[in-house]
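Undergrad: In order, the protein sequences belong to chains A and B.
Residues 123 to 485 (this note's numbering) make up the first sequence, in order.
Residues 123 to 485 (this note's numbering) make up the second sequence, in order.
Take these hints with a grain of salt, some might be off.
If chains are identical, the list can't say which one is meant, so a pair holds when it fits in one copy or spans any two.
[To be verified] DSSO-like mimics (lysine-lysine), calculated; alpha carbons at most 30 Å apart, straight line: (1) K197 <-> K333; (2) K298 <-> K197; (3) K452 <-> K181; (4) K333 <-> K219; (5) K181 <-> K297; (6) K422 <-> K197; (7) K447 <-> K181; (8) K452 <-> K219; (9) K297 <-> K452; (10) K333 <-> K452; (11) K219 <-> K447; (12) K333 <-> K127; (13) K298 <-> K422.
It is worth saying that the hints were derived from the structure and are not from the lab.
Treat the numbers as computed from the prediction; the structure is a model and nothing was measured.
There are 2 protein chains.
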Amino acid sequence: MQQMKVELAERSYRIVQGDDLLVHLGELLAPLQLAEHVVVITNDVVSPLYGSQVDHALKQAGYRVDSVILPDGEKHKNAHSLDIIYTHMLECGCDRKTTIIALGGGVVGDMAGFAAATYMRGIPFVQIPTTLLAQVDSSVGGKTAINHPLGKNMIGAFYQPLKVIIDTSTLDTLKKRHFCAGLAEVVKYGVIADEEFFAWIEDNLATLLRKEPTALGYAIMRCCSIKADIVAQDETEQSVRALLNFGHTFGHAVEQLCGYGEILHGEAVAIGMVIAARVSATMGLCTLDDVIRLEDILYKCGLPTVVPAQFSPRQYVAAMMRDKKVSSGKLRMVLNRGIGSSDIYEFDNPIQVFAEVLACAAE
Amino acid sequence: MQQMKVELAERSYRIVQGDDLLVHLGELLAPLQLAEHVVVITNDVVSPLYGSQVDHALKQAGYRVDSVILPDGEKHKNAHSLDIIYTHMLECGCDRKTTIIALGGGVVGDMAGFAAATYMRGIPFVQIPTTLLAQVDSSVGGKTAINHPLGKNMIGAFYQPLKVIIDTSTLDTLKKRHFCAGLAEVVKYGVIADEEFFAWIEDNLATLLRKEPTALGYAIMRCCSIKADIVAQDETEQSVRALLNFGHTFGHAVEQLCGYGEILHGEAVAIGMVIAARVSATMGLCTLDDVIRLEDILYKCGLPTVVPAQFSPRQYVAAMMRDKKVSSGKLRMVLNRGIGSSDIYEFDNPIQVFAEVLACAAE
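Whenever a hint applies, use it, and build me the whole structure from the sequences.
TA: As C-alpha cells, then:
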C-alpha cells in the first residue's frame, strides 16, 4: 500500500492506494473517527460488483450502512439525481455526522461530493474511486459538481474528502473503453507538468493496457502527486489549478454538443488535448512533432483524436464560451509549451483561431 | 453610518448600517473591486420598491446589471427557484467573476447566497437585506440554504458575503407583520447572550415599533455584533454557533407542520422561544418569571406565543427530529439559563418532555 497527503491546512487528507483495499475498509476508515452512520452512494453498474463487499466490510467494522444506487452515466449527473440522494438521506435519518462514501467513477464522486458539500451545509465525505479516471483525477482535489442543461459542471462546490481510498484491483472489472478514457487524463499530467512521466507512459503503455498492478500503481500515484501539488498551491482555481483543465475547454464543448454520455469524458478530453496542442503549435508554443507525439500516444491508448465533424467551428466556440474559465467575455484556455509544461492563455478572437485549427482537425 | 467587521481570517467582511445607503451603493461597493458584471437577485415585492433605485446606483457606478426577480415567500425557497437563478445566470453569460447581490429578506438572501456558493463552484456575493429579520440575523454569518420538502434549510452551504449593506430606511415599507417577525430575532439575542440588551428592548419597544431610526440602528448593530462574535468563534456550527438557534428547533417544526409561508419564520421562532423557555423552566434552568417576561415582550411585539393546537406533541417531536442539530438520533436543543445566557442540551426522550410542556402551551 502506498500513500500520500494532500496538504490543505485543516482540510488536509490522505490518498491511499493498493490492491484489495476494499476488504480492509474498516481499518482504513478507523483513523477518521467517523460517526456510526454511513451512506454509500454508488451506481447500478458498480453496486453489483463491489456493493456487497463494501457493505460487508463497513458492517463488520461496526458502521450502520445505508446506500443510494443511482443510474450509471454522465447524463444522470444532474439535479434530479441529487434530489434522489437528498430525499433518501432525509428519509433514513442522516444527520450532520453521517458520512457519505462515494463508491464509483467520476460521476458518482462528483455528485456524492456535491451532496456531501450541501446536505445540512456539509457533512463528512470519503472517496472510493473505482475507475481509472476517478483514481487519477476526479477523486482528488475536492471539485464536486453536477451538470446543468446549459453546461457541464456548472453547479458545484470545492469540498474536500476526508480520505481517498484507491483500490487498483477494482480496475479489473472496468470496461476497456472506460479504462482507455482514464488514460487520457494520465497522458494529460505528462503533457502539462512532467515530460519524464510522458516518456514513461510511452515506454510502458503496453504494460498499462494489460493493467499490470505495479505500473498502474506507479502511474496513479504519479498523477495524484502532480495533482496534489497543484491543488495545494491553489485549492479554488484562482491561478495554477486551471492547468489541470488542459484539453477540457474544447473537451467540454465536444461533450456538450455530442450529448453527455454519447462520448466519454476522457475521450472528449483526448480530442480537446489534440486541439489545444494544435493551437499551441499555431502560436509557436510547441512543435508539430510534439502534436504528433501526443496524437500518437492517444491513438495507441485507443482514444479518439479527431473532432466530430457534424458541428461547426462557430458551434464549438459558442459552447466553449460557456466554460468556467471564461472571464469578462474572454475565452481562456490552457496550452502546452512543448511536452511537460503549460500555461493559460486568453483569446480575444477565438473564432478566428479555432476556424483554422478545426479545418485541419475535422474528421 | 455605522460599521463593524465579522472576523473570519481571509473571509472577513464588513457590515455597514445607515439610512439611505442604497443611493451610495457605488461608493460602498468600490473597495471590493468587483468585476463589471453584477446580478441582482430580488423578489416581486422588493423589486417595485427598490429595484430601480439599486439598478440606477449600480449603473451609475459603471456596473453591467442583470437581475432575477423571484416570487416572494418562504414557499418559493426551493430547488425550483434556485434553478431559475442558475438558468438565467448562464443565459446572460455570468462567469466566475460575476457578483451576486441579494436584495430582499431572509428568503432572498438565503437563496441568492446558496446560488453564489454553488454557481461555478462559488462566486462573489453581497447582501443588501431589506427586512428587519434579514438585517439583524440572516444576512450575517454566511448560512445559505434552500428548503427541501422534508425539512427547512436542509440543503445549503456556509458561504460568507463580501459585504453586508443594511439600509434601515428600507424598513419604512416593511409590513407591520414582517417587522414584528424580525423583532422575534432581536429578542432572541437578548435571551441567549445579553440581559442588558433584553432590558433595553423592554424599555424601548414603543420607539422600536415606531421604527425610530436611532433606536433601530442601535438594536440592529447590537444584534449583528452578538452574531458576529459568535460566528467568529465557530463559523460552521461545531459548537457555540448553535446558540443562535434558540427557538428555532421547535420553530422549524411549527413552520414545517403549518406549511412554509402560512406562518412567518419570526412568528414560528417566537412560539419556539416560549416552548424552549418552558422546557428550561421545567428543568430548573430559568424561573417561571423569566418565561413570563419573555412571553410578555413577544406579546407586546405583536407576536404569537401559543402553539398551534391542531398538531399533536408526537407530530411536533417527529418534525423536530429532522432538525440539523439532531446527532446520532438524539434531539439537541438550545435552552436559556435565566435571561441573557444559554446552552445546548440533549434529550434522550423528547416526547416525554414535550408532551408535558405542550399540554400547558396549547391554544
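Undergrad: Flag every earlier hint the structure violates by its number, smallest first.
TA: Violated hints (numbers, rising): 4, 9 and 10; every other hint is consistent with the structure.
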